[in-house]
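Asker: Sequence:
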Amino acid sequence: MITASNLLPVARIQKPYGIRGELVLLFSREEYAELDTDDYFLEIDGIPVPFRVE
Numbered sequence: 001m002i003t004a005s006n007l008l009p010v011a012r013i014q015k016p017y018g019i020r021g022e023l024v025l026l027f028s029r030e031e032y033a034e035l036d037t038d039d040y041f042l043e044i045d046g047i048p049v050p051f052r053v054e
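Number 4 in my numbering belongs to position 4 of the sequence shown; there are no gaps in the numbering.
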């Protein structure tokens, strides 16, 4: 199980986009936007929830 201590905060949600539930992320550092990952975790009610990036 992944806990908050295993995660690195890299971005904030700037705003929702479109009608399909898409989000715009504002990365805290430019190099974080270049990370090669398919999964991001959003903290919802203190719990890290995984989301797949397409």
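The reader is advised that the hints may include incorrect statements.
[What the hints assert, rightly or not] Restraint-style ranges between C-beta atoms, simulated for each label pair:
1. E30 <-> M1: 28 to 36 Å
2. F27 <-> V49: 26 to 34 Å
3. A4 <-> L25: 13 to 21 Å
4. R29 <-> N6: 30 to 38 Å
5. E34 <-> L7: 14 to 22 Å
6. I44 <-> R20: 25 to 33 Å
7. K15 <-> V49: 15 to 23 Å
8. P16 <-> P50: 14 to 22 Å
9. M1 <-> T37: 28 to 36 Å
10. P50 <-> V24: 13 to 21 Å
11. E43 <-> Y17: 18 to 26 Å
12. N6 <-> V53: 25 to 33 Å
13. S28 <-> S5: 12 to 20 Å
14. I19 <-> R52: 13 to 21 Å
Just so you know, these hints were derived from the structure itself, not from any lab.
Idealized CB from N, CA, C, for every residue including glycine.
Asker: Which of the numbered hints above does this structure break?
Answerer: 2, 4, 6, 9, 12
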